[in-house]
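**Student:** Spelled out from the first residue to the last, the chains are:
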Amino acid sequence: MKGFGFSSIKPRVIDYDRNNRTVSEYILEREPSFSLCIACGACAATCSAANFTEMSLRKLNIFLKRGENDEVRRIMNRCMLCGKCTLVCPRGVNTRNVIFITQQAFKKLDNYAV
Amino acid sequence: MQFNPFVIPFNIGLYFIIIYCVAICIIWFMDLSRADKLRLQRGFFGKPFTRSIKEIFTESLIHRKIFRLNPVLGYMHMSLAFGWFLLILLGTIEADIFGEKHLNPPYKAIFFRFFNPDHGAEGFARVYSFIMDFILAFILSGLMIAIIKRFWSRIVGMKKTTNLKTLDRIALLSLWLIFPSRLLAESFTCGAAGSGSFLTGSLGSFFAGFLPAEAMAYPFWWLYSLSLGLFFILLPRTRYMHIPSELFLIFLRNSGVRTGDQYGSYAEAQVYSCSSCGICLDKCQLSRSAGINDIQSAYFVKGLKRNDDVYDISLNCLMCGRCETSCPVGIELGALRMIQRRAGETPEDMKSIWTGYMRERNQDRNIDKEANKKVFNYLQPEPVVSETEVLYFAGCMTHLSPGISTSMIKIFEAAGVNYHFMDQNGSVCCGRPLMLAGKDREARELIQHNSMAIWSSGAKKLVTSCPICLKVFTESYHLDVEVLHHTEFICRLIEEGRLTLKFLNRTVVYHDPCELGRGLGIYYDPRMVLYHVARFNDTEFERDNAPCCGGSLGNIRLDSRKKTAVASDALNDLARSNPDFLITSCPLCKKTFRKVAQNGSPEIIDIAEIVVKAMPPSQKEEFRHNKNCQRGVKYTVVK
Amino acid sequence: MEAGWKHQKTLSMPENKERHIVVIGAGTAGCTAAGQLAREGYRVSLIEKEGRPGGKLNSYYQLFPDRRKSEEVRDFLLAEIDSPLIILKPDTDVESIKKNDAKWLVTTTRGDLPPADAILLASGFDLFNAERKEEYGYGIYDDVITSLELEEKFRSGSILTSKGFPPGRVGLVHCVGSRDEKVGNFHCSKVCCVTAVKQAIEIKEMLPGTEVFCFYMDMRMFGPYYEELYREAQEKWAVNFIRGKVSEASENIEERLVIKVEDTLAGKPLKMQVDLLVLMIGMENAQSGLRVGEDLGLDVGMNGFFKVRDNHYGNNRSNLTGVFYAGTCTSAMNITDTISHARAAVVEIDTYLNTSGKELKS
Numbered sequence: 001m002k003g004f005g006f007s008s009i010k011p012r013v014i015d016y017d018r019n020n021r022t023v024s025e026y027i028l029e030r031e032p033s034f035s036l037c038i039a040c041g042a043c044a045a046t047c048s049a050a051n052f053t054e055m056s057l058r059k060l061n062i063f064l065k066r067g068e069n070d071e072v073r074r075i076m077n078r079c080m081l082c083g084k085c086t087l088v089c090p091r092g093v094n095t096r097n098v099i100f101i102t103q104q105a106f107k108k109l110d111n112y113a114v
Numbered sequence: 001m002q003f004n005p006f007v008i009p010f011n012i013g014l015y016f017i018i019i020y021c022v023a024i025c026i027i028w029f030m031d032l033s034r035a036d037k038l039r040l041q042r043g044f045f046g047k048p049f050t051r052s053i054k055e056i057f058t059e060s061l062i063h064r065k066i067f068r069l070n071p072v073l074g075y076m077h078m079s080l081a082f083g084w085f086l087l088i089l090l091g092t093i094e095a096d097i098f099g100e101k102h103l104n105p106p107y108k109a110i111f112f113r114f115f116n117p118d119h120g121a122e123g124f125a126r127v128y129s130f131i132m133d134f135i136l137a138f139i140l141s142g143l144m145i146a147i148i149k150r151f152w153s154r155i156v157g158m159k160k161t162t163n164l165k166t167l168d169r170i171a172l173l174s175l176w177l178i179f180p181s182r183l184l185a186e187s188f189t190c191g192a193a194g195s196g197s198f199l200t201g202s203l204g205s206f207f208a209g210f211l212p213a214e215a216m217a218y219p220f221w222w223l224y225s226l227s228l229g230l231f232f233i234l235l236p237r238t239r240y241m242h243i244p245s246e247l248f249l250i251f252l253r254n255s256g257v258r259t260g261d262q263y264g265s266y267a268e269a270q271v272y273s274c275s276s277c278g279i280c281l282d283k284c285q286l287s288r289s290a291g292i293n294d295i296q297s298a299y300f301v302k303g304l305k306r307n308d309d310v311y312d313i314s315l316n317c318l319m320c321g322r323c324e325t326s327c328p329v330g331i332e333l334g335a336l337r338m339i340q341r342r343a344g345e346t347p348e349d350m351k352s353i354w355t356g357y358m359r360e361r362n363q364d365r366n367i368d369k370e371a372n373k374k375v376f377n378y379l380q381p382e383p384v385v386s387e388t389e390v391l392y393f394a395g396c397m398t399h400l401s402p403g404i405s406t407s408m409i410k411i412f413e414a415a416g417v418n419y420h421f422m423d424q425n426g427s428v429c430c431g432r433p434l435m436l437a438g439k440d441r442e443a444r445e446l447i448q449h450n451s452m453a454i455w456s457s458g459a460k461k462l463v464t465s466c467p468i469c470l471k472v473f474t475e476s477y478h479l480d481v482e483v484l485h486h487t488e489f490i491c492r493l494i495e496e497g498r499l500t501l502k503f504l505n506r507t508v509v510y511h512d513p514c515e516l517g518r519g520l521g522i523y524y525d526p527r528m529v530l531y532h533v534a535r536f537n538d539t540e541f542e543r544d545n546a547p548c549c550g551g552s553l554g555n556i557r558l559d560s561r562k563k564t565a566v567a568s569d570a571l572n573d574l575a576r577s578n579p580d581f582l583i584t585s586c587p588l589c590k591k592t593f594r595k596v597a598q599n600g601s602p603e604i605i606d607i608a609e610i611v612v613k614a615m616p617p618s619q620k621e622e623f624r625h626n627k628n629c630q631r632g633v634k635y636t637v638v639k
Numbered sequence: 001m002e003a004g005w006k007h008q009k010t011l012s013m014p015e016n017k018e019r020h021i022v023v024i025g026a027g028t029a030g031c032t033a034a035g036q037l038a039r040e041g042y043r044v045s046l047i048e049k050e051g052r053p054g055g056k057l058n059s060y061y062q063l064f065p066d067r068r069k070s071e072e073v074r075d076f077l078l079a080e081i082d083s084p085l086i087i088l089k090p091d092t093d094v095e096s097i098k099k100n101d102a103k104w105l106v107t108t109t110r111g112d113l114p115p116a117d118a119i120l121l122a123s124g125f126d127l128f129n130a131e132r133k134e135e136y137g138y139g140i141y142d143d144v145i146t147s148l149e150l151e152e153k154f155r156s157g158s159i160l161t162s163k164g165f166p167p168g169r170v171g172l173v174h175c176v177g178s179r180d181e182k183v184g185n186f187h188c189s190k191v192c193c194v195t196a197v198k199q200a201i202e203i204k205e206m207l208p209g210t211e212v213f214c215f216y217m218d219m220r221m222f223g224p225y226y227e228e229l230y231r232e233a234q235e236k237w238a239v240n241f242i243r244g245k246v247s248e249a250s251e252n253i254e255e256r257l258v259i260k261v262e263d264t265l266a267g268k269p270l271k272m273q274v275d276l277l278v279l280m281i282g283m284e285n286a287q288s289g290l291r292v293g294e295d296l297g298l299d300v301g302m303n304g305f306f307k308v309r310d311n312h313y314g315n316n317r318s319n320l321t322g323v324f325y326a327g328t329c330t331s332a333m334n335i336t337d338t339i340s341h342a343r344a345a346v347v348e349i350d351t352y353l354n355t356s357g358k359e360l361k362s
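Residue numbers (our numbering), protein chains in the order written: chain A, 1 to 114; chain B, 1 to 639; chain C, 1 to 362.
Keep in mind that the hints are not guaranteed to be accurate.
[Stated by the list, open to error] Straight line, CA to CA, 27 angstroms or less: simulated DSSO-like cross-link-like pairs of lysine-lysine:
hint	chain 1	residue 1	chain 2	residue 2
1	B	K374	A	K108
2	C	K204	C	K49
3	C	K268	B	K374
Don't read these hints as lab results, they were simulated from the structure.
One chain only, chain A, in its complex shape (with noise of 0.2 angstroms):
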């Protein structure tokens, strides 16, 4: 189900109502503190990750509210658990739960189409 072959052109504007936020709402339910993200950065900004490549916890909860799962699918599996990004959050977002449980969502539509 990626995008039925158009894939390879991508949109440069988020289609809001034509994204899927399935995903989104899939980690809503089971972590009510995704919905508290103001897209500050401290997670990002400390993330061990993010010394070597492009992830950034912040793009991913955006893409993700957005509907944007391409983008999400490519980089969440980059992070290493390591927890420092739950220590920084100025909200309070549960932000290793929400990476577990954006990993376990789309393992999930890949191998049981859900």
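Mind docking chains B and C on chain A? Use the hints.
**Tutor:** Coordinates of chains B and C only, in the frame set by chain A:
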């Protein structure tokens, strides 16, 4: 008459359970790995055999460990277990000596009084009857405690008892019926025959005064037999399976078998050995501070037994080890949780108490389509550093707590250690958080990366200030260097005289971090270091009984508010004696406690920081002076 | 100072001469309220725990939005309390307060006060202890300072780093100790954003060659001419603004401060060496005030500040009859609003004391 239809339920139950237990033992034995089979054989026919027999006596029957934790609870368990054992043993001997012939079928021993109503009038038989009655009274006293405990748990000093499912409840009821019905059946029979000892006899004659004792006895014998039979038949699917399982487990454990990384016979035996005693419930801080009451080890193990989906339960655990250290059966609860985390969620069709034996549970359900893809191939190999003696790995969490790393640098400099700060520019995680989340394969990649850097450095020692990193370095890395925690290293520096400290006139309480204390058994070195610098306040919350700070990386599900609650309660316990400092040796503990400390009292610092405080100023000044001489800048000590 | 501010014999009701009000705290709110009360003829005991009145104003350099000198406002406050009806007691702390009928008996560290008809709590705020945010390195690295310490540097006339040179690059970190679940302060301290902009401009004025960066989560320019100040900072003074919460500060091999932040608008992490890092520390309710509150039994809100009787039309009243609030002990405020709040408190005290003597309710 030597037979009566009422013994049939008992016979059915008894033979069923004997066959079942033997079959289970054979199946479990066959499913052991070859190495474990050999271990068990050696253990069975060697020295561990006596150890096992002794342990069966002291733990399964007398329940010595439970006694130590909670005398009333221990008495209750002991009376039922040991009492029933004696009843059966002495009853068999009774039937043998006083019966019509030797080697009777079991029902003769259990229902002895029915078949020999006049027994016990005088002589040795009278004494023997007394003993049997005494044992029955002993059991009944414990039973009363058990019944009251179910409704009012505080009487045994426990705040909670385990919640039961339907099958458990029926089994519990039948267990509770066994001994009272024996009492009444024997009493009525004795009443009718005018025999019996202090309990059965007196009760019997009391009843005989106004009731038709002979007629009333018979239904109670039926009840006795039925409750026994029902209990035996239900036993395999209830928590009472722990009775036979624990025997098997004790032999296995004393032969050196351990749980390991995969689910196997030993794990299965442990799961069935849980008697749901409930001791782990009160020890769990999530229950006490965060109001979470469905994830404790007793429920987790029960869920495993019933093939429930325990994946979420296994993730919502601090992995602090408090339940494991207090478990009287010695179940490796941490290892079981880790196995479940690796296994992932249970598929729908497996979730039933009747399906799925161990082999199905053992299946690797993680069909990973990208199993060969490397996730962390973005990591560049680290530059090779040579000519160092000591590598210092601060760890991810220490970067958020720079007081610890700067203190360690000061200590290294003051002691003249040839060190290299391995992750000064940001670290690659040690890999343990990934392992705690069940992602062993990904963790291996990180382990490989870090190992390369350590191997190529040529250092002799690896010092880390984070116990989480230490545990994975010691257990999962294959390093050729000596791995030390910074407290161990500082202790050595003090003993070698490379560090001189003055005594601070302050009181401290030391908090044993979960991963360092219960996880690795390092209790002595931090205390030795602290004895040189400050006065200790006594606290009961230390060593095995130390609370978890709540910051755990082992718990993925716990939200911020509940973590704060756990941390507050733990801090309140530790700081009861109002010390000047609370000393931790884990950066995560330090950050978690600092978050909840009100008004900075007590001040929470790491052991490295208090050591720096205790260093004479000349040492600190020299260090800065040396560093700044290179720049030709005049510098004055600010602190 | 214009005429009209000075004390004259004005608007005093004759009964007020017999009444005694105790004002706890001689900062901005306390002095303003005391002055107004004296103008109305009340007798005032003004208690201050430090050695002189003026509160935090004594440490400030220039005030936003117009960057006037803080001494001018301080002089206004000193003129307010220059009245024979006001007895100022510096170096005095409150030990206990007891209620006796409708009067309050205040015991201080320098003796008992005469019975008071009302208490005005103007105990102000404490600044957040930056050591609690350990990852910024305050107290560990020498070149990490707080905004208050920067004000003191301005007053001393020179800004130097610990190595003795003026900084080539200064970073200002917003929201330190505010809006942060990790230190237990969910509230916004309101004034730190505009303070940061003001301080950025002041640094640029003193050191034109220095680069100045503000690291913010939001730019809260709520007051009159605040947004214009922000504009001026960008337009006239070339202050740089980067949206991202600084996660940690550390020292690199050359012992220069390095900060890690994500440039959220650019979408990439950013690493930068700075010579001086200024932490914009937030406001918390003063510990001294909380002690008095505990003694009296005053309700404290979830954010640590005192709970006012009504959020809209009763924010000078406390849960106790006869005890009133003025200033930042109720919530974070700038100086303008503190002075307004203090004057409003006087109106409330008036109303309370001059309604029918039998129903002295507030």
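**Student:** Under the criterion that the straight-line Cα-Cα distance not exceed 27 angstroms, is the pair K204 (chain C), K49 (chain C) satisfied?
**Tutor:** The given pair, whose Cα atoms are some 36 angstroms apart, is violated under the 27 angstroms limit.
**Student:** Can the restraint linking K268 (chain C) and K374 (chain B) be considered satisfied, given a maximum Cα separation of 27 angstroms?
**Tutor:** holds, 24 angstroms
**Student:** Does K108 (chain A) lie within 27 angstroms of K374 (chain B) when you go C-alpha to C-alpha?
**Tutor:** holds, 20 angstroms
Hint 2 from the earlier list is the only one contradicted by this structure; the remaining hints agree with it.
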